[in-house]
Amino acid sequence: MNQNKLISYSYIFTFFMMTISGFGQMPIFKRYYMADIPGLEWLAKYYITHYLHYLFAIMFLSLISYISMEYFLTKREKLIITTSGYVGSLLLSTLSLTGILLVIRNFSGHLFSSSFIVYLDLIHLGAVILILMTGLFCMVFNKKWLEKP
Amino acid sequence: MSKEISRRTFLKGGIASACTLAISGTPAAAEKKPDIQLLTLIDISKCIGCEACVDACREVNAEKFPDPKKPFPKMFPKRVPVADWSDKQNVSDRLTPYNWLFIQNASVEIDGEEIDLTIPRRCMHCVNPPCVKLCPFGSARQLENGISIIKSDICLGGSKCKAVCPWHIPERQTGVGIYLDILPSLAGNGVMYKCDRCYNKIAKGELPACIEECPENVQTIGPRDEIIKQAQNLAKETKGYIYGEKENGGTNTIYISPVPFDKLNNAIEKGNGKPHLKPVKDTMENANNLAAAMFIAPFAGVAAAAGKYYQIVKTGEKNDEGGPSNESE
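If you're matching them up, the sequences are chains A and B in order.
The opening position of the first sequence corresponds to residue 89 in the working numbering, with each subsequent residue numbered one higher.
The opening position of the second sequence corresponds to residue 14 in the working numbering, with each subsequent residue numbered one higher.
For reference, chain B alone in the conformation it holds in the complex (with noise of 0.2 Å):
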């Protein structure tokens, strides 16, 4: 798979995408948008390991990272965490505020060799993202292209996003955002931060950094059906297993090993920061089944009333037919 073709991809689904971001603002329900998710398939096999993309992607960031001021406000009550990310910028091990893309090195063995395979980890950008469909204040947010992104400038930080994110990916930094604006003892503690895809890049029709700058085109993006099939050919062609495709009921970044990814879970050093590589049921799925029943309830609580009404009129007419016959008694 050449850079040129996933470029060209790309750019396809990069100028949709454009158009789309261009007239957001409106309910998107009242017109007819395009709806081309944008994938990344990454190929571990592929991957060196030499964080490249880790270096681009804080190069071409950081103008988003945090600036927080300090001292923090005193929270209350005294338990609430302070996630403080500001003093240990250059930590690159693991997702940080300041680090939205990290590598994950395991030791596996195949055909009874041992090697290191190194992986890029960073936010999945799933299909149907429970970080932006349980946000409770419309902080985070879906672009047309698949994109998830969390807006800095309202988000409270309350971190809901990373307890139902099956990885756990976003990160808080305390002492930034407008809860400090609001109620800064009392709600809110700073804001969530995770990788955006580089969506103004993309906006633009240019890649996101981490795929321009590696070295070994690891990264291939483009239009989520083209890409499924690139990664189902791929995975066939190299007998390799693909993780992302299902997980969590999809998501739009999708990894090709050469190794069984419970294998791989096993390997790789999982907890804060560290995201896991385990199966993930679809975690909006139930609420989903749940909402169906919703759209019939109101037509059952018109049929009860209805039901109601029509024995209420059979119990009249009952008792004016028998009126008249007890009178002559």
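Looking at chain A on its own, in the form it has when it is part of the complex (with noise of 0.2 Å):
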């Protein structure tokens, strides 16, 4: 497997392990039969889906740096972000910001107000709904971040 496809699948599988682990976060599994599944039951612990979270958050934070990062100093020159692109990296970047500050939330001390935690928390919700969305769009319309000039 060549170094391209490894972080494309590595990629996948973090982004698919946050949702799950991040629609965890919401009481739904238990309700609606999902943790009932032989295997799945952790999705009803609210801890360890915490806990998930996090270390794919950590997972995720590092792919998009290096992915980012490459793209930057090996790949400008050769590809143009595409206008799928600039949303999904606006969408990845609202995800991560508010990711980030929700982990800051969590330290002990009152650090935000607690309307604006209510906003951090929608705003997250909303951006990981609208990646979901507009990865689904680019797959069907067979939509590229990324292209030659």
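None of these hints come from the bench; they were simulated from the model.
Note that CB positions come from ideal geometry on N, CA and C, so glycine has one too.
Be aware that one or more of the hints could be misleading.
Covered stretches of chain A, going by a simulated chain B footprint (3 or more residues, C-beta under 8 Å) [said to hold, decoys possible]:
(1) 119–130
(2) 136–143
(3) 172–180
(4) 220–230
Since each chain comes alone in its own frame, lean on the hints to assemble the complex.
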């Protein structure tokens, strides 16, 4: 497997696990029987999904930093970012930024106002839903994030 | 420890918290705010179990109690539990949406003598409360003075706060709250309720109802540092035991008992709405340790890409150097 494919598969797996563990922060998997499926009981255990979300967020941040820097250093002159690429990048940045702020919120102490936290939660959830929709749109209509000039 | 002292120390914190409450609404990181957490010390040896605190809590907080609409929406799927306490509002021997404080009884032996202890139990108001930090909708929140509250106007009643609370304190009432206006059958299930330390009275510089009405001065409230010192001194003087100082990373409720808490925990009735008194590890600690790695992660990614770029450049230079010599051959 070449390095680009390895990065792509790692990114897809990481994003999938982040999405699952992220939705697991809401009380839905037990209610809707998903956690009843043998082997998926952990979906209803909030601390486990919380730790997994953090672990995969670590991988996700490493990967998107690597991909962005690699593009900037080695591919910038050969490939241009398409509109889909810009939209995707904007949404990923929003997701990462709100996620980082929510991680900071979880430390002891009163750092953000309560109304700001409600917005953070909603924007974080909205961003992941839009990323999933954008990904689906790009897959169906074969829209690439990068293309030759 | 006199009531006057506790009142004075409390008021210092109360005025500070009233000021900070007034300026909430914007990201707090933008402003420098005093961070005075209020801590309550509960001296179990003083409690006579008269339930004056329970009655005062119910009376003062009655306007915050749920008023559910019946019949409740049909839940989907059917197994979603309906929690209805509206016909059992008088229950006072456990925590319910209508009873945020109750008296727990324990018969224990001290120096060979069997004695009955009574323990006021309610939300511990953790220093870093998992119910607040892990609520997915921001419905639970911590005030600058350390009090954690659940905003009934935006709570969906998913009960995650109860699941992640080490003492499983919050209690649900179905048929009330914002979920009724969204997708009542498919998402949400009411509102979660628990002690809010009479935050609205505190914001006005008043004492919480349970403290105000206690005839035995069982509780002392004030700035965290001061009350911890008082608790430690009292424990030393009375050879007592402390619970809450370290539990779940520290809580803003500290109990002092004349008997060890493992004995007390064995002696109390535990179960739904009746919290334990076991030692509790910091539930937020593991994730917050992982967070440190999260801040390093982007640098690791950038460093890996820079390493790759360096290798490409190095290989390119080698090829450039090797090129002419090959041609000369």
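Each hint tested on the structure:
1. 119–130: It holds, with 3 qualifying residues against the three required.
2. 136–143: holds (count 4)
3. 172–180: Violated: only 0 residues of the stretch 172–180 of chain A have a Cβ under 8 Å from chain B.
4. 220–230: It is violated, with 0 qualifying residues against the three required.
The structure fails to meet hints 3 and 4 from the earlier list, while all remaining hints are met.
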